[in-house]
Amino acid sequence: MSEYANDAARLRAFIDRADREEIAAVQSDLLRIALQKPDPAGRVAALDGVQAALSDTIRPDQMSPLSQAFYVAVLSMIERTKDAVSKTPA
1 MSEYANDAAR LRAFIDRADR EEIAAVQSDL LRIALQKPDP AGRVAALDGV
51 QAALSDTIRP DQMSPLSQAF YVAVLSMIER TKDAVSKTPA
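Just so we're aligned, residue 1 is where the sequence shown starts under our numbering, counting upward by one.
Accuracy of the hints is not assured; some may be wrong.
[What the hints assert, rightly or not] Distance windows between CB atoms, simulated:
no., residue 1, residue 2, range
1, GLN62, PRO38, 31 to 41 Å
2, LEU66, ALA41, 30 to 40 Å
3, PRO60, ASP39, 30 to 40 Å
No lab work stands behind these hints: they were computed from the structure.
Ideal Cβ positions, reconstructed from N, Cα and C, are used throughout, including at glycine.
Kindly produce the complete structure, drawing on both the sequences and the hints.
Dropping the structure here:
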């Protein structure tokens, strides 16, 4: 089990529910994961780890269309968060 398996499982639960009311909670989780690391490179690496762990458990072809759309939104949020925290001073 990877270091980020629990975080990926939490994101997976959000994706499975596909409740747009939970988008803020997803972003909050992503920021929490990133900001646990003291430097920009570590923050990006943490989000990369979560994204990889999430990708290991997701099978879009077995998901509802709404969950697929939510998954794409979460991936986009991960990328935007990586971009933002990579520029944040340590």
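Here is how each hint holds up against the structure:
{"no.": "1", "hint": "GLN62 x PRO38: 31 to 41 Å", "verdict": "38 Å, holds"}
{"no.": "2", "hint": "LEU66 x ALA41: 30 to 40 Å", "verdict": "35 Å, holds"}
{"no.": "3", "hint": "PRO60 x ASP39: 30 to 40 Å", "verdict": "33 Å, holds"}
Violation of the numbered hints given earlier is absent; every hint is satisfied by the structure.
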